[in-house]
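**Q** Here is how the chains run, residue by residue.
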Amino acid sequence: MMETTDLIPIQIVCKYYNIPVAFIYRLQEFELIELTVLKRDFFIHKKELRKVERIVRLHYDLDINFEGIDAINNLLEQVNALKQEIITLHNRLRLYEDI
Amino acid sequence: MSFIDYYKVLGLSKSASENDIKKAYRKLARKYHPDLNPNDTLAEKKFKEINEAHEVLSNPENRKKYDQYGEHWRHAEEIEKEQQRSHYQKRYQGEDRSYTETDFSDFFEHMFGGRATGGRGRQVKYRGQDFNAKLQLNLKDVYTTHKRTLTVNNKNIRITIPAGVENGQIIKIKGHGGQGINGGPNGDLYIEFSIINNTKFKRDKDNLYVTVDLDLYLALLGGSLMVDTFSGKVKLNIKPETQNGAKVKLSGKGFPKYKKEGHYGDLIITYQIKLPTNLSSREKDLIKELQTLRS
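For the record, the sequence lines run as chains A and B.
Numbered according to the numbering used here, the first sequence spans residues -12 to 86.
Numbered according to the numbering used here, the second sequence spans residues 595 to 889.
This is chain A alone, in the form it adopts within the complex:
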C-alpha cells in the first residue's frame, strides 16, 4: 500500500524545479511519469522525482521533446538490460577460463 507521506503535491515539485505545472501534466499524458490523484489534487511519488529531474534536464538543457525522451527512456532500458546480460555472461565465461 502506498504511503501518503511519500506523495508530494505537484505544485511543490514544480516550485522546486521551477517548471510550469503544465509540464508535469504533459509528462503524465506521455506516460513518462505517474501521478496520484487524492481528493482531486495531483501528487507525485518521491520515487518518480529522479525521473522528473532527468526529464527536466533532457528537455530544457538539450531541447529534447517528449517523444524523444520516451524513445531515450526505452533505449536506456534496453542498454541497461544488455549491460546486465553482459555481466552475467562474463561471469559465466569465467567458469570456463583457465581450464
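Treat the hints as calculated values from the structure; they're not laboratory data.
Take these hints with a grain of salt, some might be off.
What the hints assert, rightly or not - The calculated PhoX-like cross-link candidates involving lysine-lysine, where the alpha carbons are at most 25 Å apart (straight line), are: (1) K70/A <-> K853/B; (2) K38/A <-> K659/B; (3) K38/A <-> K642/B.
Treat the numbers as computed from the prediction; the structure is a model and nothing was measured.
Fit chain B to the known structure of chain A by using the hints.
**A** Only chain B this time, still in chain A's reference frame:
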C-alpha cells in the same frame, strides 16, 4: 592548471557567432550528456568540458575576457589582478544544471573565480552529481559480510559489503555523491564491484564448482577423501566404481546468497581420475591379469 581551448572543445573557430556556440553545445551535449551515457566516465568528463566551454563562451563578457587573456593564462598574477577587478568574482547564481563548481577546471576557477551565470536564469534546486567508483575485492572477501572504509573525493565512507556480491554488481550509497545545487539533495555514490577470483573454485552466482583429483584405486574400490570447500575441509564418501567426470553436489557448501543471510548455494565437485604413471613390472603384470579377467 592547463590551458583549455574552449573553442576547440566545441569544435569552433574564434569567429563563431552566439548561435554557432549554442548549436555546437547542443549537438555535443546531446552526444555526451550524462543522462544519455549512464556510468560512462569518459562521456561525463567530456560533457564537463563542453559545459564549461559553453558557460564561458555563451556569456559575452566571459568570452571577451577569455579571448583577451586565454593565451596568457600562465601569468597567474595578471589574471588574478584582473580577477579582483572583475565583476564575476565569486558570483554563483542562476545556475540550473546539476554539476557542482568542483566540476569546473582549475583554469575556469582562476579565470572567473567560480561559475558564471547563464542558462535560463532559473534558481533551481538540483540533486548533486552521482559519483561512480570501482572497488576491487577478492572472492574470499565477499564470502562474508564485512565493513570497509573507502575514500571517495577525500572523504572516508564506511560501507557494509554484503556477502555474495557479484562481479560487476553495482550498489548505491545514498547521499554520498556530489553536493546538491542551490540547496538540493546530494547525489548518490555508485560502487561497482570487481571481484578477482584467485581460488581454485569457479563461481556461477551462488554455486561453486571445483575439480577434485581421484586416485584410480579409490575410484575403483571406493572409500573416503578429504576435500576442500570454501569454508573448510569435508570428508566425502567415494562410491566404488566412480567414473571419471562424475559429479557430486554438496548442498549449502557454495557461495552465500546475496542479502539472504545464512543461505548458501551448492558446491559441485567433478571427479578427475588420475591414472598411475611409472608402473613397475609387477604392477604391469597385475594390470594385464586384470585385463585378462575382464576380456
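**Q** All hints are to be evaluated individually against the structure, with a verdict given for each.
**A** Going through the hints against the structure:
For the hint pairing K70/A with K853/B, the CA-to-CA distance comes to about 22 Å; that is within 25 Å, so the pair holds. Taking the CA atoms of K38/A and K659/B, the gap is about 38 Å. The hint is violated against a cut of 25 Å. Of the pairs offered as hints, the one joining K38/A and K642/B holds, with about 21 Å between alpha carbons and a cut-off of 25 Å not exceeded.
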